[in-house]
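Visitor: As given, the protein sequences belong to chains A, B, C, D, E and F, one line each in that order.
The working numbering puts the first residue of the first sequence at 1, with every later residue one more than the last.
The working numbering puts the first residue of the second sequence at 330, with every later residue one more than the last.
The working numbering puts the first residue of the third sequence at 659, with every later residue one more than the last.
The working numbering puts the first residue of the fourth sequence at 988, with every later residue one more than the last.
The working numbering puts the first residue of the fifth sequence at 1317, with every later residue one more than the last.
The working numbering puts the first residue of the sixth sequence at 1646, with every later residue one more than the last.
Don't read these hints as lab results, they were simulated from the structure.
Hints may be right or wrong, so weigh each one.
[As the list claims (entries may be wrong)] Simulated crosslink set (DSS-like; lysine-lysine; CA at most 27 angstroms straight-line):
(1) A:Lys225 x A:Lys74
(2) B:Lys403 x B:Lys554
(3) B:Lys646 x A:Lys106
(4) D:Lys1093 x A:Lys106
(5) E:Lys1555 x E:Lys1541
(6) A:Lys74 x B:Lys646
(7) E:Lys1541 x F:Lys1751
(8) D:Lys1061 x C:Lys975
(9) D:Lys1061 x C:Lys732
(10) D:Lys1226 x D:Lys1093
(11) C:Lys732 x A:Lys317
(12) F:Lys1962 x F:Lys1751
(13) E:Lys1422 x B:Lys435
(14) C:Lys732 x C:Lys897
(15) C:Lys660 x E:Lys1541
(16) B:Lys435 x B:Lys331
(17) E:Lys1555 x E:Lys1422
Number of protein chains: 6
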Amino acid sequence: MKPSPISATVDFDAPGVSHGFLRLPYSRDDAAWGSVMIPLTVVKNGTGPTALLTGANHGDEYEGPIALFDLAAKVRAEDVSGRLIILPAMNYPAFLAGTRTSPIDKGNLNRSFPGRPDGTVTEKIADYFQRVLLPMADVVLDFHSGGKTLDFLPYCAAHVLPDKVQETRAFDLVRAFGAPWSCRMLEIDAVGMYDTAAEEMGKVFVTTELGGGGTATARTTEIAKQGLRNLLIAAGVLKGEVAPRATRWLDMPDADCFTFAEDGGLIAFWADLGDRVEAGQPVAQIYPTGRTGIAPLSVTAGRSGLLVARHFPGLVKPGDCVAVVAVEV
Amino acid sequence: MKPSPISATVDFDAPGVSHGFLRLPYSRDDAAWGSVMIPLTVVKNGTGPTALLTGANHGDEYEGPIALFDLAAKVRAEDVSGRLIILPAMNYPAFLAGTRTSPIDKGNLNRSFPGRPDGTVTEKIADYFQRVLLPMADVVLDFHSGGKTLDFLPYCAAHVLPDKVQETRAFDLVRAFGAPWSCRMLEIDAVGMYDTAAEEMGKVFVTTELGGGGTATARTTEIAKQGLRNLLIAAGVLKGEVAPRATRWLDMPDADCFTFAEDGGLIAFWADLGDRVEAGQPVAQIYPTGRTGIAPLSVTAGRSGLLVARHFPGLVKPGDCVAVVAVEV
Amino acid sequence: MKPSPISATVDFDAPGVSHGFLRLPYSRDDAAWGSVMIPLTVVKNGTGPTALLTGANHGDEYEGPIALFDLAAKVRAEDVSGRLIILPAMNYPAFLAGTRTSPIDKGNLNRSFPGRPDGTVTEKIADYFQRVLLPMADVVLDFHSGGKTLDFLPYCAAHVLPDKVQETRAFDLVRAFGAPWSCRMLEIDAVGMYDTAAEEMGKVFVTTELGGGGTATARTTEIAKQGLRNLLIAAGVLKGEVAPRATRWLDMPDADCFTFAEDGGLIAFWADLGDRVEAGQPVAQIYPTGRTGIAPLSVTAGRSGLLVARHFPGLVKPGDCVAVVAVEV
Amino acid sequence: MKPSPISATVDFDAPGVSHGFLRLPYSRDDAAWGSVMIPLTVVKNGTGPTALLTGANHGDEYEGPIALFDLAAKVRAEDVSGRLIILPAMNYPAFLAGTRTSPIDKGNLNRSFPGRPDGTVTEKIADYFQRVLLPMADVVLDFHSGGKTLDFLPYCAAHVLPDKVQETRAFDLVRAFGAPWSCRMLEIDAVGMYDTAAEEMGKVFVTTELGGGGTATARTTEIAKQGLRNLLIAAGVLKGEVAPRATRWLDMPDADCFTFAEDGGLIAFWADLGDRVEAGQPVAQIYPTGRTGIAPLSVTAGRSGLLVARHFPGLVKPGDCVAVVAVEV
Amino acid sequence: MKPSPISATVDFDAPGVSHGFLRLPYSRDDAAWGSVMIPLTVVKNGTGPTALLTGANHGDEYEGPIALFDLAAKVRAEDVSGRLIILPAMNYPAFLAGTRTSPIDKGNLNRSFPGRPDGTVTEKIADYFQRVLLPMADVVLDFHSGGKTLDFLPYCAAHVLPDKVQETRAFDLVRAFGAPWSCRMLEIDAVGMYDTAAEEMGKVFVTTELGGGGTATARTTEIAKQGLRNLLIAAGVLKGEVAPRATRWLDMPDADCFTFAEDGGLIAFWADLGDRVEAGQPVAQIYPTGRTGIAPLSVTAGRSGLLVARHFPGLVKPGDCVAVVAVEV
Amino acid sequence: MKPSPISATVDFDAPGVSHGFLRLPYSRDDAAWGSVMIPLTVVKNGTGPTALLTGANHGDEYEGPIALFDLAAKVRAEDVSGRLIILPAMNYPAFLAGTRTSPIDKGNLNRSFPGRPDGTVTEKIADYFQRVLLPMADVVLDFHSGGKTLDFLPYCAAHVLPDKVQETRAFDLVRAFGAPWSCRMLEIDAVGMYDTAAEEMGKVFVTTELGGGGTATARTTEIAKQGLRNLLIAAGVLKGEVAPRATRWLDMPDADCFTFAEDGGLIAFWADLGDRVEAGQPVAQIYPTGRTGIAPLSVTAGRSGLLVARHFPGLVKPGDCVAVVAVEV
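Given only the sequences and the hints, what does the whole structure look like? Please build it.
Guide: This is the structure in structure tokens:
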């Protein structure tokens, strides 16, 4: 396979704090010899594990980028035991555009793994993580939130895995992170995901969903910063002590957790995030927008549990995911 | 002045419930003899005042349209004493597009009054309200929320007016509405506003800000529906009794309430809506997005009070309003 | 009022055939000192009236431009008695784009009269016709067809006018044109139309609707060419003899002739152009496109008569004109 | 090969009439967990063959969708012997946009077979037909028309095939369909076509070209509805009797049937659909649009026969197919 | 007339160097309460005249913005006698977009004077200069270059004016500026220009054309910086001594200086900027791009002189200005 | 592998001068049976080598297309010994759009080799060159310039190759071309290039960089025309004598020749093309555009030598190539 066209402007093995870029050559109409410059910080000190930390895998999710730009700006080399590789905006073109996918190629980075060195810009980023960055890592934390079209109860999560040692280490870090909610996920369709790429290499992989709507609140920002610090300490790569925080565990056992719209219109919810809903009862109504005087259509929950995610925009389209219900464990 | 090109497909004086449209001829490339069809419900019964009820003056604000599509679908003529004129989506092209302004002409309807019969589509809508609908009304309720780029504490509001009888009647309706917060507004720059157009005709005008971010929650939807019902009963146009709800009063005395960004980047708030902030202290930080390792810039509050509105998207541009602080009274 | 910024590259008074342009300065991002170049032919010979001949007043109507580009390419000066001023593509930017309105300013030229010398590109064209070209003319022929979104039975038409001498001369030319159908039009809303601008100056004004759908057939092309020749001979500006052709007369007495859609969807007609329809009976059905298994909505004729125009595209939007019914006289 | 990500919301084996969707997950900026919902009706009763019926393989062709939305809305289970699988809008995103290809990925569905389960949206649709729907079918009817840029004499057609039993059965159904014209097609370049995919599985495949220009007339709509009914009866899947209709047979023997433009401009035809043209004689003229006074360029027929298809829009571009001539047999 | 909605964040009368913004409120879909922030530097020291200095009146012209951002970053208050008001990017939205006109409203700022306080964004900028900034100024220097579509010999210029004292002072500053070429301009069509607005108030107005093509070279940048310094010293607002530079004077007496294209295509020049051309001789050839084997069309000079400006892009459109010829004096 | 869908309308073996097209079928929304028509001239006379001559491999580079449209229009068969295959606009869709890459598929033709017969339009063009045109050629000349975003000192170049006979023949032609500068290139990353495709077949391949900025000057046009003539004579395919011209030789030994921007802003160069620069010294400064009063950032040369290429537009983006320095040999 061809080498990646991406080059880093910093040395991953240099001690201390190094700020730089991944430079990805990208020839185009407005820059014949242009590049995408993905900001990168590497912190190396002494011996210890390597943590690979990413935000904006989807470009419209903000708690992760805030926590990681903040960490990169403040971290001192002497606080580290091992190495931090920090990319606050993994799909950088999407992040700058404020969109889930890349404005260059519409690539959804989290469905593009293992990528290609001679593919689109998004595929080149995936390939660089697959073949260069993931192999360096022991622990991988990839921040997600709901983005502009979904909103989530804030939780940290890991996957149920065949290797129970690997799984246990991941859930230990989820517990250390200490989000208000924690989630055990059984991934059904893992094709193309960064999660899967990392886990198949045996890495300890942790992810989050910390809010959504294309914004971050002071509360969710604080969850991200505190959780990041706790996780890095628990992983042994940051000095200090974990600040324990209570968490409640959730499970999403099957496809009945997800409700999709069959009609478009103006959506009005009957329940907010964290509310308890019952199977077969309406979670929302959809008003047709072409006329007044028409009764709205009800959208029902497929199972009983907590409303953990919902469609965010005021208008809904046929096929959109309206609600996700999880079971408390 | 020329007559409006808009025609209503229902009779404003017919008794009972009539559902129809304002038809606004709009010739364009994809419809040589096309029209904009703005949904409209008129309910007339017995004698009593006329209430003119509007949502989606800005097309990305949703509590009002939900409450009004719902009212139009459920209201029975016998519950009314007088007349309801319901336009759940006043700037209908903007509402369908999910945008603040009209996708046809970029018109901000709430800055387009008194409008023009031979102007743009948005100006034609304004003109029809100015010369046809407002003159029919006694009470005007215009629902607003923050839209996709702002988020608000939920409040109902009216303006301080030179005519104290008119002002008192408006604040009586604000109190009846019963939102969690109520606001006295001293409008400085009222040029082109629907509010001003209504008030200058002597109408009792009430408005709201009920949330934002381009969505509606179950909670804010309920505030809108309950408030609408209460207000219409208090105004004497709907039969029934006002369901009293507690409210707290706010004031925004001067320009120091508003903080604007001078730099763009990734925004992280230090306070959430309803939190108390102090003059001169940071309400948010802006991280430059071009590099890691740079200290964020602080954005400070201009006065002490409650954070009643904030910038919503995760990225901020120079010139955006970051925060609004109000004083509790 | 300021002078027009438009200049002609040919002399309107030079004998013989002159091909050139109206040059309209138009500064823009891709041409700081650019211009719109509207093709123009002037033919002058001996004494006689001036005929001003235009196509593509709406840019997606083709019989007129074909007949006029053809005339401009073939006409010999010795065949003329007086003067021909030929502009095959009056709204030239719209014509090049194949759109009803101008891609530059979305201007509908036939709603832009009298125009402005310091307005948009479309308004500048209208102003030049209003103040320079129309004053030169005795007879004005403005070709129309249905464009991309409407289709018409082929007819030539003139307006019922207060000045009966002017009216009679126009209908004489309509009869000479000899389209399969001829129409007496009582213009209700004449604001901004080229027709009105010409008639108010006392010019003899004739127009057509010769097909539509954004194309021309061999048959409608032949109607346009033959009619043009006949009309110019009857007007005394072209030598030769009128080739008589049978025509049938139509009338559109009121607004009931026009049927508009209140719903969008897939449209299926029950009648074709020239078919007889009855008041209150369906002319078309609209199938909702979001689901199968739903009964289509019927659209009915407002009066009995011939179907003389119909919505053209396979999908219809709320507010589109679906059908026009005329009465045979 | 991976399983298709598409799931049907109805059971293909359930007796009676089932209306539902193919749900195709499609994550994008405006719907993180969105889907394309392709309307689908399945009718099953007793024993008998399965007919797979599709319209809008190209999204701007309308006779098929009308006939199939109509059938889906009216068909009763007791009229069926076997099974109907009805997809009135096969490339549903293209159909909603009114475009030949998908607005999502510019995919021409009829050049995308056999498709890919991990490809673009259009490729996923093709793959689902290839691996799920086609294997269920005995008879396949795929409606086409000319779309927005071509216009056709209305005909039903099948391919000359190596398997003469399969071929004979197809032409029997073409004859039963009873369009005004019927066509024997020898496909030269069949790469990626739905036709080929079906025929290679041994299915009896019938197609049509029933008009064009991006619209449907009452006449072509009736041809589609009657032909559909006749074909289904002849195929033994619908009860009733074939209503015989006269048809005339056409052949398109080689590449000389097709004439392409080498210059762009305003196109004027010398012949209409169904007219007889002679090899070497002009079928159309192209007027350059940059100036007046230039002789038009002639476009000639490559062989003698009937004009069975023509370029539709009033402007033509270099490389466009101007005319198709077929031989009557 | 209404007050301007623009406010400055700095005090124009404060001594020392103040960096800030003009804040222009601009409500839009992506910022309900957004603003345009136009960078501004004010330097005040002692007594003396006020110089108003602007670049990017057209957003794709770069020598001026470079010289003014540079001056703003380096100037010390003690070097000034009077006041500098520096706006390096007058039409700031156009400057950020790299386009001649504003991406917001397509406004050409230099054709928008005197502007309107309630107009478009560009008209509001013009109005603020007209009513606030120009009245403060004694000397006005407005930098121009050719932008992306024209290229110029570098010259400084002023207008022939009715007030000969005003004219003489302007030409004294042109001479002090010391560009390689200097130009006396007799403005024919001055409607809407900033130049005219300034001159009608009696201000001493100087402008430049310093290159073009949407770039700046080291050479033209140096001309701008040196000329700016010289002019400010000569105007008495900057301390120091004028560094004399040789200049040659040009005149553009009439419309024959300008040659426009009547055809589009690939343009090849026979002369470069500064070359001598003769009336009636070709300055360029235009190759049609639709075919090979066609002779190119010649474009000729309307008078003899120096080629001082030319069309820049490799393709030319009908109506574009191809060449400007000036006379040396 | 499938055959190419492209067909030539001329016979490559016919004696004399033949003008025609490569016709590439391209079905799309605005032309169901449309094609891309790439202009082509073939000149064949007697015996001798075949020269394949191309311009607009990148669509915004103009010296090559001018020289080749000119040659195609003027060349006489009797001047040729062998065969010329002339494609003045290789990536024709990009050339018509004035963009580096194809507006159809964003394809960079010079990174698309060897192409695919069933790929995108750009890949189909590459495949036709790879499998049809290159095999016919002995000598290949592919004209390049800097395009809209780069500017170059004018040079002709060839690659250092493993086959020294092939290399020597190429450099002999570079010397004959006689550009002001000549360059020896050691291609590091040759993936997908036309150059490599030609060289791997053993063809003698010569290329150029003759200016840039998206324009051509009289001077660079003359270099292209003279060099083309000289090269064809030296290659033995055109009769006549080489007109010797002085040239200076350049070398670009390693990656230090290239400098990239890490920040965006307004760029001001300290050196122009052809100026000598020193390693470690600034070649340009970048002014941040968000505020005044900030010191610009310096961009330094990585090695000493001549500035042979530079970023062209006035604004620069992070990742753009700012400068290329070469060593004189």
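Visitor: Determine for every hint whether it applies to the structure shown.
Guide: Results for each hint:
1. A:Lys225 x A:Lys74: Measuring from Cα to Cα gives roughly 12 angstroms; hence the hint holds.
2. B:Lys403 x B:Lys554: holds, 12 angstroms
3. B:Lys646 x A:Lys106: holds, 23 angstroms
4. D:Lys1093 x A:Lys106: holds, 13 angstroms
5. E:Lys1555 x E:Lys1541: At roughly 15 angstroms apart (the allowed maximum being 27 angstroms), Lys1541 (chain E) and Lys1555 (chain E) satisfy the hint.
6. A:Lys74 x B:Lys646: With a Cα-Cα distance of about 24 angstroms, the restraint between Lys74 (chain A) and Lys646 (chain B) holds, given a limit of 27 angstroms.
7. E:Lys1541 x F:Lys1751: violated, 40 angstroms
8. D:Lys1061 x C:Lys975: Satisfied, since the Cα-Cα distance of roughly 24 angstroms is no more than 27 angstroms.
9. D:Lys1061 x C:Lys732: Given pair Lys1061 (chain D), Lys732 (chain C) is violated - Cα atoms ~57 angstroms apart, limit 27 angstroms.
10. D:Lys1226 x D:Lys1093: violated, 40 angstroms
11. C:Lys732 x A:Lys317: Answer violated: Lys732 (chain C) to Lys317 (chain A) is near 56 angstroms, above 27 angstroms.
12. F:Lys1962 x F:Lys1751: OK: Lys1962 (chain F) and Lys1751 (chain F) at ~20 angstroms, within 27 angstroms.
13. E:Lys1422 x B:Lys435: Holds - the C-alpha atoms of Lys435 (chain B) and Lys1422 (chain E) are around 13 angstroms apart, at most 27 angstroms.
14. C:Lys732 x C:Lys897: holds, 14 angstroms
15. C:Lys660 x E:Lys1541: Since the Cα atoms of Lys660 (chain C) and Lys1541 (chain E) sit roughly 39 angstroms apart, the hinted pair is violated (cutoff 27 angstroms).
16. B:Lys435 x B:Lys331: Status holds; Cα separation ~23 angstroms.
17. E:Lys1555 x E:Lys1422: violated, 40 angstroms
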